[in-house]
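Q: Chains A and B supply the protein sequences, listed in that same order.
If you're matching positions, the first sequence starts at 1 in my numbering and goes up one per residue.
If you're matching positions, the second sequence starts at 1 in my numbering and goes up one per residue.
For the record, the hints were derived by calculation from the structure and aren't laboratory data.
There may be inaccurate statements among the hints.
Below, in silico cross-link-like pairs of lysine to aspartate or glutamate (DMTMM-like), each with a Cα-Cα straight-line distance of 25 Å or less [to be verified]:
id, chain 1, residue 1, chain 2, residue 2
1, B, 403, A, 201
2, A, 207, B, 400
3, B, 224, A, 184
4, B, 403, A, 184
If you're wondering where the values come from, they're calculated on a predicted model, not measured in any experiment.
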Amino acid sequence: MSSTASVDNNIWMKAVMYAGVIAVIGLVSYGALAVGAGGYFHHEYEENKEMYEEAKANGEDYSEFKEDKEAAHLQYLNFKVGGTAILYMCIVYAAFLGVGGFINSTQPNEEHHDDHDDHHEHHGSFSPIIFALGVMLFLMGFPEFVDTVTPLINGEGGGASGALLSTIGLVVIVAAVGNWWREDLPFNGEGEQIATSWPFEGQDVRKVGLWVFIMSEIMVFASFFSSYLRMRTEWCTDWAIRAEMGECADVALGTVVTASDLLRYDLGKLMPGAINTFALIISSYTIVLALKTAKSKYTEDNPFKAPKLLPFLKDKKSAVRFYLLATFLLGSMFIVLKLIEWSHLIHEGFTIQSPQGSIFYIATGAHGLHVFVGLLVMLYMIFKADTIEFDEDNGQGIEYFGLYWHFVDLAWVAIFPAFYLY
Amino acid sequence: MKTRGILIVLALALTLLATPQFTAMPTGIGSAGNDGCSCHGGASDLTEIVVIGLPESFNASEVYEFSMTIEAQDFPRAAEDSGRLGGYRILATASDGSSGGLVEVIPSDLGHEMDGGLTHTSDGNMQRSWNFTWTAPADDSVTVTMRIYGNAVNGGDGSGGDHWNQEILNIGGINASGTSAPPLTILMTAILLAIIIIGLGVLWNFYQRDPESFSMQNFWSYLKPWLSTTDHKEVGIMYFLFGMFFFLVGGLLALLFRIQLALPENDFLSYDEYNSFFTLHGTTMIFLAAMPMIAGFMNYILPLQIGAYDLAFPRINALGLWILVFSTPLIFTGVWTGEAADITWVMYPPYSSLNNFGDLGNNPGTTAFIAGILMLGASSTLSGVNFITTVFTLRARGVDLMKMPLFTWSVFVSVFMLYVSLPAFVVGVAFLMLDHTMAAQFYTFGGDPLLFQHLFWFFGHPEVYVVVIPAFGIVSEVLATSARRSIFGYKSMVFAMAGIGVVGFVVWGHHMLTSGMSPFWRSLFMVTTMLVAVPTGAKIFNWIWTLQGGSIKLQSHTMWSLGFLITFTLGGLSGMFFPVAGLDIHFHDSYFVVAHFHYVFIGGIIFALFSGTYYWFPKATGKKMDERLGLWHFLIGFTSYNAAFWPMHALGIQGMPRRTHTYLAETGWAEYNMTITIFAIIFGLSQLIFVWNIIKSASKGDKVENDPWGGWSLEWSTTSPPPTPSFAEMPTLRVDTSRHHGDEDKAGFVENLVKGKEVGN
Numbered sequence: 001m002s003s004t005a006s007v008d009n010n011i012w013m014k015a016v017m018y019a020g021v022i023a024v025i026g027l028v029s030y031g032a033l034a035v036g037a038g039g040y041f042h043h044e045y046e047e048n049k050e051m052y053e054e055a056k057a058n059g060e061d062y063s064e065f066k067e068d069k070e071a072a073h074l075q076y077l078n079f080k081v082g083g084t085a086i087l088y089m090c091i092v093y094a095a096f097l098g099v100g101g102f103i104n105s106t107q108p109n110e111e112h113h114d115d116h117d118d119h120h121e122h123h124g125s126f127s128p129i130i131f132a133l134g135v136m137l138f139l140m141g142f143p144e145f146v147d148t149v150t151p152l153i154n155g156e157g158g159g160a161s162g163a164l165l166s167t168i169g170l171v172v173i174v175a176a177v178g179n180w181w182r183e184d185l186p187f188n189g190e191g192e193q194i195a196t197s198w199p200f201e202g203q204d205v206r207k208v209g210l211w212v213f214i215m216s217e218i219m220v221f222a223s224f225f226s227s228y229l230r231m232r233t234e235w236c237t238d239w240a241i242r243a244e245m246g247e248c249a250d251v252a253l254g255t256v257v258t259a260s261d262l263l264r265y266d267l268g269k270l271m272p273g274a275i276n277t278f279a280l281i282i283s284s285y286t287i288v289l290a291l292k293t294a295k296s297k298y299t300e301d302n303p304f305k306a307p308k309l310l311p312f313l314k315d316k317k318s319a320v321r322f323y324l325l326a327t328f329l330l331g332s333m334f335i336v337l338k339l340i341e342w343s344h345l346i347h348e349g350f351t352i353q354s355p356q357g358s359i360f361y362i363a364t365g366a367h368g369l370h371v372f373v374g375l376l377v378m379l380y381m382i383f384k385a386d387t388i389e390f391d392e393d394n395g396q397g398i399e400y401f402g403l404y405w406h407f408v409d410l411a412w413v414a415i416f417p418a419f420y421l422y
Numbered sequence: 001m002k003t004r005g006i007l008i009v010l011a012l013a014l015t016l017l018a019t020p021q022f023t024a025m026p027t028g029i030g031s032a033g034n035d036g037c038s039c040h041g042g043a044s045d046l047t048e049i050v051v052i053g054l055p056e057s058f059n060a061s062e063v064y065e066f067s068m069t070i071e072a073q074d075f076p077r078a079a080e081d082s083g084r085l086g087g088y089r090i091l092a093t094a095s096d097g098s099s100g101g102l103v104e105v106i107p108s109d110l111g112h113e114m115d116g117g118l119t120h121t122s123d124g125n126m127q128r129s130w131n132f133t134w135t136a137p138a139d140d141s142v143t144v145t146m147r148i149y150g151n152a153v154n155g156g157d158g159s160g161g162d163h164w165n166q167e168i169l170n171i172g173g174i175n176a177s178g179t180s181a182p183p184l185t186i187l188m189t190a191i192l193l194a195i196i197i198i199g200l201g202v203l204w205n206f207y208q209r210d211p212e213s214f215s216m217q218n219f220w221s222y223l224k225p226w227l228s229t230t231d232h233k234e235v236g237i238m239y240f241l242f243g244m245f246f247f248l249v250g251g252l253l254a255l256l257f258r259i260q261l262a263l264p265e266n267d268f269l270s271y272d273e274y275n276s277f278f279t280l281h282g283t284t285m286i287f288l289a290a291m292p293m294i295a296g297f298m299n300y301i302l303p304l305q306i307g308a309y310d311l312a313f314p315r316i317n318a319l320g321l322w323i324l325v326f327s328t329p330l331i332f333t334g335v336w337t338g339e340a341a342d343i344t345w346v347m348y349p350p351y352s353s354l355n356n357f358g359d360l361g362n363n364p365g366t367t368a369f370i371a372g373i374l375m376l377g378a379s380s381t382l383s384g385v386n387f388i389t390t391v392f393t394l395r396a397r398g399v400d401l402m403k404m405p406l407f408t409w410s411v412f413v414s415v416f417m418l419y420v421s422l423p424a425f426v427v428g429v430a431f432l433m434l435d436h437t438m439a440a441q442f443y444t445f446g447g448d449p450l451l452f453q454h455l456f457w458f459f460g461h462p463e464v465y466v467v468v469i470p471a472f473g474i475v476s477e478v479l480a481t482s483a484r485r486s487i488f489g490y491k492s493m494v495f496a497m498a499g500i501g502v503v504g505f506v507v508w509g510h511h512m513l514t515s516g517m518s519p520f521w522r523s524l525f526m527v528t529t530m531l532v533a534v535p536t537g538a539k540i541f542n543w544i545w546t547l548q549g550g551s552i553k554l555q556s557h558t559m560w561s562l563g564f565l566i567t568f569t570l571g572g573l574s575g576m577f578f579p580v581a582g583l584d585i586h587f588h589d590s591y592f593v594v595a596h597f598h599y600v601f602i603g604g605i606i607f608a609l610f611s612g613t614y615y616w617f618p619k620a621t622g623k624k625m626d627e628r629l630g631l632w633h634f635l636i637g638f639t640s641y642n643a644a645f646w647p648m649h650a651l652g653i654q655g656m657p658r659r660t661h662t663y664l665a666e667t668g669w670a671e672y673n674m675t676i677t678i679f680a681i682i683f684g685l686s687q688l689i690f691v692w693n694i695i696k697s698a699s700k701g702d703k704v705e706n707d708p709w710g711g712w713s714l715e716w717s718t719t720s721p722p723p724t725p726s727f728a729e730m731p732t733l734r735v736d737t738s739r740h741h742g743d744e745d746k747a748g749f750v751e752n753l754v755k756g757k758e759v760g761n
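Extracted from the complex, chain A is given alone in its bound form:
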């Protein structure tokens, strides 16, 4: 648009370093949780299983062993799935930062021509066309991708060649997004578009755009809810049977099992969802703290006052970075807990291959995808907070991301009761 801060593209090597750190964290977590702790509980499960089978064969009372066996298995699932989920997420994060950062660091720096002869040069961008190409490649290979990745996630192994086309698509998308990031990184608030007309005169155009976008998102989740409600009113759930509703009067209990039937009676199973609810609400608060800190006007007379015990809050830059990182970690925790919870449901035989499973996994999964996309954006924002810094002039970027993030939280607050408790 107009002049922006001058940024050396070498700065992007920092993103590559981040990627390395994230990859190591992922591998260590996988080793500790999935292999270490998971292996321990798997061993325990096998032992209990042996004892259980022995007791069963000898005609003894085996109920205790059975409980132990089940408990050990669930613990095994917790650690195994948790560790694996962290590994996969870290791989995606690392790939996102690493590929994007590497490509950007190899780009030549933009030349600065300060000839102000009122000649508006038209700046194009290759991001759109590359991004669209990537989406096409990803979708072209999507069916094969699903077929290949599903056994991989289930730990059944098998060749990964089927996922090639989609993976290429994803890498192309990352390259396009990385390019977009490079174009955005120097943005320091100069040239922010301001609305010129009623009813938004004086507001940032980006802000209006985000609210309009959220309008579409509301319709997306409204579609999920209305589909769910339509399907649900047609099912003879236990609830409908007990209420002796119409056609359901003669149906046996347990004919239709919804996710909430499996989740709501057992606090242990409900826990991941319940924790997630609070994680998201807290993360909404931390993102606001990040915005508040970035936008606050600290001067030499009015320096940033942080508690001495908290070195990561020592100045504005560290504080913004910390709050963003906290939001990021809470969001990541949300995804991990969600996958653990899914693994328990799948263990109980509640898969996507039933109408109840379909709507549950896809509606909550679509929400999870929104969270995950938000996390990827946040990854870039943490990088920007660490390099260019957010301040009074460009801190609104956090605000606009925060709008999206609040919406995702709000959607969860509606999804949780509807799919977990109702």
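With chain A's structure known, arrange chain B on it following the hints.
A: Positioned in the frame of chain A, the structure of chain B alone reads:
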């Protein structure tokens, strides 16, 4: 810059690397479409099917012996003792749809008949090589297609890790007429040729500019700005050209199946081809032709009319365009890999959502087609954000909401409708996609097929207004300018469009009147649907009143708009039959429906788009289109169009169903159908005049000033073509364009728009 180029080349090279893996897939891209084989595990080229003994051509009723062997590289003789080694399935079909002869396995207890083919029994599961006999059909003038599937089993529990593959053999009878080029090939060749011609055309256009310094290096630096542009005018032009191209592709598809329908009991197209062609015709015309062409006008004209320097989010705008462009290979991919999607543009499950069992509706192209539709949804959402935000925030000083030109208003209303309704559609189609790829059960096996109809039509009905309302906007601009006065009843026009926008959301049930809906809802949807006629009627009267008393100047764009008035009114009248639930039961799925929506789609939208092209072409290129060619285009196009589509009403009343592959001679529909086909071809050919006119006028047309027609809105106050950014300084609109101005106000009107004094009422 160099690195970027290298990266693009690398990405393309990787794509090329990836290509073999989907061409190597037995049924093309996607795991769906094992076409009658309940094969398990994944399709893989690690498994090979070797067939020995089948002849190249067959004699009638002769018996041939052949053998089939599965060679699995990755588990050569896995689990010898498990008793699970491999399986087969053989389907023989003749080219005319009759039986492809009888296939039997030796000994016969190794196989049994299932779903029209021969499949192994559990005894047949223990080996990887079988012997068969094939009794050729008695008719030796057909070509038999043998589909032979082999499934190599790794012996493990479950189906994980198993691999299957297929072999397809075409065996012609000795009297089979030489394999004529199937229409699919003709279509593909035509499209590829067209793409090459467009490429060469662009190259030639560039060469012509400066033959001296021509080099491929320079060509890239000419092409590069187009590929990376974010300017609303260039994006708009690309949208329009893209839409124009697919308008011709969709037309070609229509002509192919019109040829099929010209004669009773014709077999020019096979059933599958017919189904794919009308599916692709519908989808192409709505999503790839009409909407992109409208998007072209929206992009080009809207920022100019409100005095903005560009759209609110130029990069996102370009992203919308390119996602649209890259969705087309997915939508058409089935045509390349064998069988194209045949699920109609409405994609009703359960037919469209069956999976894994090789059922109908599970063509290889269908999954890719659905993925392409999802991309279209993404594209429209992105433009939606852009246009709504632009209209809200970037209007110049003085451009109040109630002073916006009607075209801008129409775009605003239409984008708003699209934007709010689209998510339901995208979610519905995503469910369909997941039914295909992840074996979810939204619509089949206990799922609810009607759910899709609700989600689809909640979008689908607003969608028809989404495309027609911008057409209203174009016609309003054109008629007012041609009558040399501003539009009559500006406010009522705005409220009429907004009214259609609101009522349009509560009428979707009239598409489902025959789906078993309760009488209460039927009558409710009946009333709301009829309500739509009220604002539409008000608009028609306003247009007529604008013309009344004006000194009309007949130009090409005027004539198309006048044509629009006639045909759209006729289409609107035939539309009033459908909301009446009783009548709808008779007319549902008949040619009367086809007649109705072609009258509103072509007679409404396409005519208005023609009109808009003639009208705004000088603004975009600085040159006028040829009026003489325009006249011929109108005369031939308008008459042949009416001659082609009017008889469809009669056919519908006589009971001819839509989407029918053929019909019997006794029905007496042959004459009408022949007439329709002849005039459809003439209508198709008349579009070539239009295309030629665009190409010719772009280089040789008469040069024009800022305001060749005497328009009444802000875009005429800037140069033709406008500069980039479109308004370097924000203009101020000083004249109330929403009031009714007559010809007497015209002197210096456009100049006064921006800087001048208030012109009297």
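Q: So, for every hint listed, does it hold in this structure?
A: Here is how each hint holds up against the structure:
Only pairs whose Cα atoms come within 25 Å are accepted, and residue 403 of chain B paired with residue 201 of chain A is accepted, the gap being roughly 17 Å. Using a Cα cut-off of 25 Å, the hinted pair residue 207 of chain A and residue 400 of chain B holds, with the two alpha carbons roughly 21 Å apart. Pair hint residue 224 of chain B plus residue 184 of chain A holds up; C-alpha atoms about 21 Å apart against a cutoff of 25 Å. As the CA atoms of residue 403 of chain B and residue 184 of chain A are separated by approximately 36 Å, the hinted pair breaks the 25 Å bound.
Hint compliance for this structure: hint 4 alone is broken.
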